[in-house]
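The residues making up each chain are set out below.
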Amino acid sequence: MPLSARWTSVALLLLLSGCAVPATVRREPPGSKPPLQESPTPEAPVVAKPVPERPLGATPAPPPPDPFSSLPGRFREKALSEERQSDARAALAYWRVVLAFLPEDPEAAGRVAALEREIRLQAMEHLRKGKEQYREGRYADARKEFLVALAYDPFLEEAADYLKHELARQDVRTYVTKEGDTPASVAREFYNDPGKDFLVAYFNGLGAGAPLRPGTQLTLPLLDIPVAGGPRVPPSANSPVLSLAPTPAPSTSRGPSPKSPLGRSTSPDDALDKARASLHAGEYQKAAALAEQALDKLPASREAKELRNAAYYQLGTDYLRKQEYPEALRMFQKVEASYKDQKEMVARVESRLQKEAESHYAAGAKRFLAEDLEGAVKEWEITLKLDPAHPKARKDLERARRMLEQVKAM
Amino acid sequence: MNGRSAFSRLGTVAVLLLAGCVGPQVQPSPAPPVPEAQTLPPRVPAAPRISPAPVAPSATERFFPDFVAVIAKPGDTLSSLAARYLNDPSLDWRIAEFNGISVVKPGQGVIVPLKPLAPGGVTPEGYQTVPVLVYHKFSKRTSDRMTVREDAFEEQMAFLKRNGYRVITLDDLFAFLDGKRPIPSKSVVITFDDGWRSMYEIAYPILRKYGYPATLFVYTDLIRPSASTLDWDKIREMARNGMDIQCHTKTHRSLGKIEADESFQEYFEAIRAELVESARIIKRQTNKDVKYLAYPFGDTNSLVIAMAGRLGFQGAVTVVRAGNPFFADDFRVGRAMIYGNFDLKDFQNNLGWITDEGMK
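One line per chain: the protein sequences are D and R, in this order.
Each residue of the first sequence is one higher than the one before, starting from 1 at the first, in this note's numbering.
Each residue of the second sequence is one higher than the one before, starting from 1 at the first, in this note's numbering.
Just so you know, these hints were derived from the structure itself, not from any lab.
Just so we're clear, the structure is a prediction, and the values are computed from it rather than from any experiment.
For glycine and all other residues, C-beta sits at the position ideal for the given N, C-alpha and C.
A hint or two may mislead.
Claimed, not checked - With beta-carbon atoms standing in for the labels, derived distance ranges: (1) R:228 <-> D:270: 29 to 37 Å; (2) R:228 <-> D:185: 26 to 34 Å; (3) D:286 <-> R:155: 49 to 57 Å; (4) R:227 <-> D:228: 25 to 33 Å; (5) D:327 <-> R:125: 33 to 41 Å.
So here's chain D without its partners, still in its complex pose (with noise of 0.2 Å):
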């Protein structure tokens, strides 16, 4: 249909619907009398039209039944039951009925008013929460928030972008050009081989050997392809073939967890898959040990270290959240100094560590001098586990079990 008709039928609609009225605006039925004049016009007669009589004693006629008097009390019925269920935004909907229908309902209007107040601020909150995760690199905690914030609102265009562009794995990067660049010269920036400048003219468009104007913004795809039945392409040192954004269609709970149909044995490049797979899917244990195992095969691979990387930060990351502070200092342990903000994290796993370990050396000290000998050992004993180099600990806990020996004998 062209737009033009498009939008002629729509205006008709409207029209014919009374959209340009607010909906809490009851519609008359057709064949209701039509509004009363406010100013009669000049030609209006000075004199009634006479009016047919009705006969004397004659009741009126009763209105006919509401074909849609049911519908209300149905939908309310409804809404209650979405609300009991929880689902807010199914709720409303059904509640917007009831109001349609009753505009002057007490209820229905301070339920949508309610409902739709709730809605946008979780739905904000959790779009919030969502971009805060996004940023830290908390990808499946991110992609949590924004799936939540579309059940609230399944119109919002901001969390849908996320799940379905910025969660998304890239295949492409886009280059911009210096002064001077090639297609060759971009080529062996980007690929570490100016052979491959074939694919920067093929994939922007260009001509073999063209200058370009600094500047420019192009696209690369990014080149990870295995021999078939050999090892892994290696990417070269510079080579920025990682992609560390990837969000792989999740399985559906209710089927079989996803596996290769063809039966493909677990090369390092199976390996890797299934690790990109399991860090985006939140299970970062798995992804570690995926990582390692890639690693054993290709000691030099860029992608499979910043897997293993990604995974014992996100693992360190959930530690510290749960105040697993021992374990958590382990897995950023675990980490490449080079990677994020590895360094900052282990100094302050280590100094939470080390506090706590005091707070339990003086928690030790108090069963001490109460003499609650084994209350003292077990407190020291925790104080060593979260700081195996803690000054006095040690050589106090040696003491206290020499000593709950020595009262245990006699």
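Dock chain R against chain D, hints included.
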């Protein structure tokens, strides 16, 4: 619909990309023609189907900004109401889901929502996923891993019908992935790979019996005179009857891997030829445009995906056994292979349509 605009914008970007408008934005000299990019038609955003026809109000219908309330007349069905008020009979599911009904009776009051409740299929219960099934060969009496018996296929199609699944087209799925078209709950897509004759002789009549749409991904070198393979006459006959014919390359080589005796440039030229030639052959034989690609063995990589996009493909399917939410990658759509040794329970396990994975 607010949710559409972002996706529509993306659609526009896709059109610009395919039309060669984006890329070297500051390229001073005109870019040389790239014939491959014209192999496929430019991507055109799906026409909006929701444009209610003007209907005069009466005592049995009331119009509101977001919905129409209707008292069903004798002869009305959900489809006829969807046709009358939503201009699309296939949107009957929207009325059914909103009212919690499966049929409409005369005199019954029904709400026809003029816009979808959750276009991306995300609700507090979870998010919608669309299973895409893939079959290869069929047999009347025997089965193996890649060959499904006729009675099993019939049983599977009957299961879909009996359990309220809606078989949608691949176009519907990609429109859903692009945020352009909401689809019913329990949507499922049926596809076939390669181009074996048994698909025409056994599966196709059963599909017609149930009225199910489907897509056949052909690898064009297989379409040759042989007792076991399809010929173009049969493919055209199926296409005339609604079968969607799409690309499965020319020779069925793995696109995702370089052969051991192949240079990188040879590999690049080979995968380009696989896509370009097969799309041209299908277009020439069926007079229909090719839009989607099924990777042989499900193998792909970033270069193949970038090339498919450059050539104008709008999406591609793998054999990763996963349902597809609206935010699935258009070029890594998951499909579930249905094996000949599957019982009905195995089949059912591949029909997950909602999940809360990663959401709770």
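Outcome of the hint check:
no.: 1; hint: R:228 <-> D:270: 29 to 37 Å; result: 32 Å, holds
no.: 2; hint: R:228 <-> D:185: 26 to 34 Å; result: 52 Å, violated
no.: 3; hint: D:286 <-> R:155: 49 to 57 Å; result: 36 Å, violated
no.: 4; hint: R:227 <-> D:228: 25 to 33 Å; result: 31 Å, holds
no.: 5; hint: D:327 <-> R:125: 33 to 41 Å; result: 34 Å, holds
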